[in-house]
Structure formats: C-alpha cells, structure tokens
Amino acid sequence: MIHVRGLEKHFGDLKVLQGIDLHIRQKEVVVIIGPSGSGKSTFLRCLNMLEEPTAGEITIDGQILTDRATNINHVREKVGMVFQLFNLFPHLTALQNITLAPRTVKRLREKEATDLGQQLLAKVGLADKAHSYPSQLSGGQQQRVAIARALAMQPRVMLFDEPTSALDPEMIGEVLAVMKDLAYEGMTMVVVTHEMGFAREVGDRLLMMDEGRIMEEGSPSEMFANPKHPRTQAFLSRIL
Amino acid sequence: MQMHWEVLARYYPLLVRGALDTLQFTTISVALGTLLGLFVALLRLSRNKPLRMIVSCYVEFFRGTPLLTQIMLIHFGLPRLLGYHPNTFFDAILALTLNSGAYIAEIFRGGIQSIERGQMEASRSLGMSYAQAMRYVILPQAVRRIIPPMVNEFIAMLKDSSLLAIISVNELMFRSMQISGRTFRPFEVYLFAALLYLVMTMTFSYVGSRVERRMAIDDSR
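Chains as they are written, first to last, in my numbering: chain A, 1 to 240; chain B, 241 to 461.
Take these hints with a grain of salt, some might be off.
As the list claims (entries may be wrong) - Have a look at the derived ranges for each label pair, beta carbon to beta carbon: (1) A:Thr54 / B:Ser354: 50 to 58 Å; (2) B:Arg287 / A:Asp67: 18 to 26 Å; (3) B:Leu438 / A:Asp115: 20 to 28 Å; (4) B:Pro290 / A:Ala69: 52 to 60 Å; (5) B:Glu300 / A:Ala69: 37 to 45 Å; (6) A:Asp67 / B:Ser354: 50 to 58 Å; (7) B:Glu300 / A:Glu52: 37 to 45 Å; (8) B:Leu322 / A:Ser135: 19 to 27 Å; (9) A:Asp61 / B:Pro388: 28 to 36 Å; (10) A:Asp13 / B:Glu300: 28 to 36 Å.
None of these hints come from the bench; they were simulated from the model.
If you're wondering where the values come from, they're calculated on a predicted model, not measured in any experiment.
Ideal Cβ placement from N, Cα and C applies to all residues, glycine included.
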C-alpha cells in the first residue's frame with residue numbers, strides 16, 4: 001500500500017536520505033529505529049510530504065505523492081500523523097481539536113463531527129476531557145487527543161514520529177496502549193520510536209536506519225536476538 | 241503672566257468635538273489599516289517573489305518616510321499626478337490608512353511567525369489547505385499575541401493624526417491652532433488639547449491591558 005523507490009532528501013549539501021526503497025503492506029506495523037540524525041524523522045515526514053523529497057517516488061494507495069499533479073491535501077487526509085511534541089491547537093478544546101479538520105476539510109455537520117469526536121475521545125480513554133484545553137491536560141493525555149485528532153480523518157495509514165519521547169515515563173504506557181489497540185484493529189502504521197517493548201510486541205517489521213539508509217530490516221524478535229550489521233549491534237546494545 | 245481659563249469655558253465644546261473627530265479619523269484608519277496590514281502580511285509570507293517584493297517596498301516606504309511627508313504627498317501630490325480634486329477627508333483617511341497598514345503588516349507578520357511551526361504542520365497533516373490552516377489555526381493564535389502592539393499602534397496613530405492639521409483637517413490639533421490664534425491664549429488652549437489627547441491615549445492603554453489580561457487568563461485555562 002506504500003511504495004517508496006529511490007527516495008532522497010537533501011538539505012543543501014547535507015544528504016539526509018540517500019536512497020530509500022521500501023514496500024509497506026496493508027495492516028503492517030513498521031517500526032523504525034536508529035541513532036539521531038539517521039534520517040528517520042525526515043523519512044516519515046516525506047511520507048506525507050511535510051518534507052518535499054529531492055528525488056525518488058512515493059506511492060500511497062495508488063496515488064503518486066511525488067507527482068506535482070497530485071492534490072497533496074487529499075493524500076494527507078488519508079495519512080494521519082502524530083508528532084513528538086503533540087502540536088495540539090492550544091486555542092481549541094480537546095473536542096474542537098478533533099473536529100476542526102473533519103468540519104473544514106470534509107465539511108461534516110457540527111452534530112456529526114461532535115459525535116465522531118466524542119466517540120474518538122472515548123476510544124482513547126478521554127471521554128470526560130472533551131471540553132478541556134490542551135494546557136489543562138497532561139502530556140500523555142495531550143498525545144492521546146492528538147492520536148484521536150489524526151484518526152478523525154479516517155486515515156488509511158498512521159505515522160508516529162517519536163510519539164512518547166517528550167513524555168514523562170509514567171505517561172508512556174497510556175499512549176503505547178492506545179497505539180497497540182490501533183495496531184490490533186489492523187491500522188497500517190509506521191512508527192519511529194525507541195520503545196523496544198512496543199516494537200517487539202506489535203511490530204511486524206523493524207527497520208534500522210543510519211546515515212540516510214536502511215541498514216538492516218527484519219522481524220523485531222529476530223533482529224533483537226541476532227542483529228547482523230555491526231551498526232545495528234552497537235545501537236541495540238546501547239538502548240536495550 | 242495671568243491665566244485666562246475662561247476661554248476654555250467658551251471654546252471647550254469645539255475642542256471636544258475636535259477630539260471626537262481625531263478619534264474618528266484614527267479609528268477608521270486603523271480599522272482599514274488592519275485589513276490592509278493583514279493582507280500585506282499574508283503576501284509578504286507568500287511564496288510569490290514579485291508580490292513579496294512589491295509589498296516589501298510598500299512597507300519600507302511608509303515606515304521609512306515621515307507621516308507629514310506622506311500626508312503632503314497624498315493631499316497635494318497625488319491629485320496633481322492623477323488629475324482629480326483633492327478631498328481633505330478622503331486624503332486624510334488614505335494617508336493614515338496607508339501609514340498604519342505598513343506598521344500593522346509588520347505586527348501581523350511578527351505574530352504569525354511567532355506561532356510554532358508544528359501548528360502549521362499539524363494542520364496540513366490533517367489535510368487542511370494553507371488558507372484553512374491560517375484561518376482556523378494560525379491567525380486565531382496570532383491575533384492574541386498582537387493585541388499589545390496593536391494597542392500601541394492605535395495610540396501612536398491617535399497622536400500622529402495631529403499632523404493632519406497641516407492640510408486643515410478639522411480635528412483636535414487644527415481646532416486648537418485656530419482657537420489659539422483667535423483668542424491669543426495658546427497655553428490654556430494647547431494644554432487643554434494635550435489633556436484631551438492624554439485622556440484618549442490612557443483610556444485605550446487601560447482597555448488594552450484589560451484585554452491582554454483576559455487573554456492571558458484564557459491561555460492558562
């Protein structure tokens with residue numbers, strides 16, 4: 001469902017991505033690990049064109065993102081994204097954060113949007129926080145609202161960019177629990193994370209990125225047990 | 241020297257009328273200048289380079305030259321150039337609007353750019369267009385942040401509108417000059433005019449600080 005061919009991204013002379021080829025199947029959960037600066041986040045951001053690739057081709061659900069004729073807003077509706085720093089809209093309540101895009105982009109009526117929002121808040125365990133503002137929520141709660149917000153557009157794929165890195169340790173679990181539920185429901189997910197427990201439990205495939213390339217890939221259990229590439233061995237020994 | 245405060249008893253209604261006219265010119269011009277400034281700020285942040293250059297020239301010109309010069313240019317110069325009859329009211333509004341538009345454009349630009357990049361990215365990642373993200377996410381947040389500089393701009397414009405006296409706009413300063421000339425009591429008249437300006441500016445800075453505090457409370461909810 002996602003095809004990436006020869007993807008490159010340069011920032012000036014800096015080659016952040018140096019040729020990525022990847023095929024992600026429907027319902028697959030792909031976990032990306034790697035040291036900082038390896039290009040994981042940039043790769044993820046290319047998948048919904050928050051970064052414009054320098055070269056290569058990305059196809060999602062048959063639509064070629066890298067084609068200038070493609071309406072990128074339509075593609076983005078189908079690709080949800082969750083950010084490290086949540087990026088909730090601080091001037092809107094939790095419910096309004098969720099309903100804004102369905103109302104403006106999909107032109108849902110207020111009633112429908114509110115029903116959808118309440119339903120999603122319940123799904124992430126925050127039914128009672130509908131009218132709270134982001135500043136009144138804990139980090140873990142904010143990130144769960146952010147996940148609900150992305151789900152409101154009924155995406156076919158969800159991208160997670162280090163969703164728990166900015167959280168206090170005691171809040172990581174509640175966010176991972178929501179992500180696990182999503183994975184079990186069959187959502188196609190691409191997750192950049194350092195949470196190896198999550199990778200082992202729900203990851204179908206683990207990618208190790210370094211210096212803008214995919215160094216190694218395989219099933220999480222296999223890679224944790226005997227990483228082949230020395231870089232992967234070094235990296236895993238540091239974080240496991 | 242003896243003071244003759246009784247001239248004020250006779251002329252204060254005219255001066256108060258002048259103050260109301262000052263308020264009217266300022267309010268209309270800053271309101272129009274806000275629309276103009278928002279538009280200019282959005283163009284300045286756009287991807288279109290020629291448009292960006294044009295609006296930058298506009299902003300630099302009106303911020304980099306004296307308002308008095310702009311008033312003269314618009315009232316005496318433009319009608320000559322374009323061949324129409326100068327209309328004092330229209331020229332006064334035009335000059336103040338163009339001037340405040342340039343300052344307000346910069347205020348808006350600063351406000352918009354102060355919103356974290358993640359807000360635009362989150363909006364776009366949900367499928368919203370650039371315009372929708374601006375309208376529903378960026379501008380509502382930027383507007384809160386620009387209230388203090390906007391109040392300052394309004395107060396500055398209120399004071400600077402006194403320059404309209406040079407083209408005989410019947411506002412507070414022009415009336416003061418006339419009454420002072422007629423009565424030979426400049427100290428009393430100008431002091432009273434100054435007090436009227438002060439009452440107006442202090443009122444607005446008070447209202448501004450109240451609004452700002454309200455917004456601060458809203459933010460910390």
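Do the hints match the structure? See the list:
{"no.": "1", "hint": "A:Thr54 / B:Ser354: 50 to 58 Å", "in the structure": "30 Å, violated"}
{"no.": "2", "hint": "B:Arg287 / A:Asp67: 18 to 26 Å", "in the structure": "19 Å, holds"}
{"no.": "3", "hint": "B:Leu438 / A:Asp115: 20 to 28 Å", "in the structure": "55 Å, violated"}
{"no.": "4", "hint": "B:Pro290 / A:Ala69: 52 to 60 Å", "in the structure": "25 Å, violated"}
{"no.": "5", "hint": "B:Glu300 / A:Ala69: 37 to 45 Å", "in the structure": "38 Å, holds"}
{"no.": "6", "hint": "A:Asp67 / B:Ser354: 50 to 58 Å", "in the structure": "35 Å, violated"}
{"no.": "7", "hint": "B:Glu300 / A:Glu52: 37 to 45 Å", "in the structure": "31 Å, violated"}
{"no.": "8", "hint": "B:Leu322 / A:Ser135: 19 to 27 Å", "in the structure": "53 Å, violated"}
{"no.": "9", "hint": "A:Asp61 / B:Pro388: 28 to 36 Å", "in the structure": "47 Å, violated"}
{"no.": "10", "hint": "A:Asp13 / B:Glu300: 28 to 36 Å", "in the structure": "33 Å, holds"}
Comparing the model with each earlier hint shows violations of hints 1, 3, 4, 6, 7, 8 and 9; every other hint is respected.
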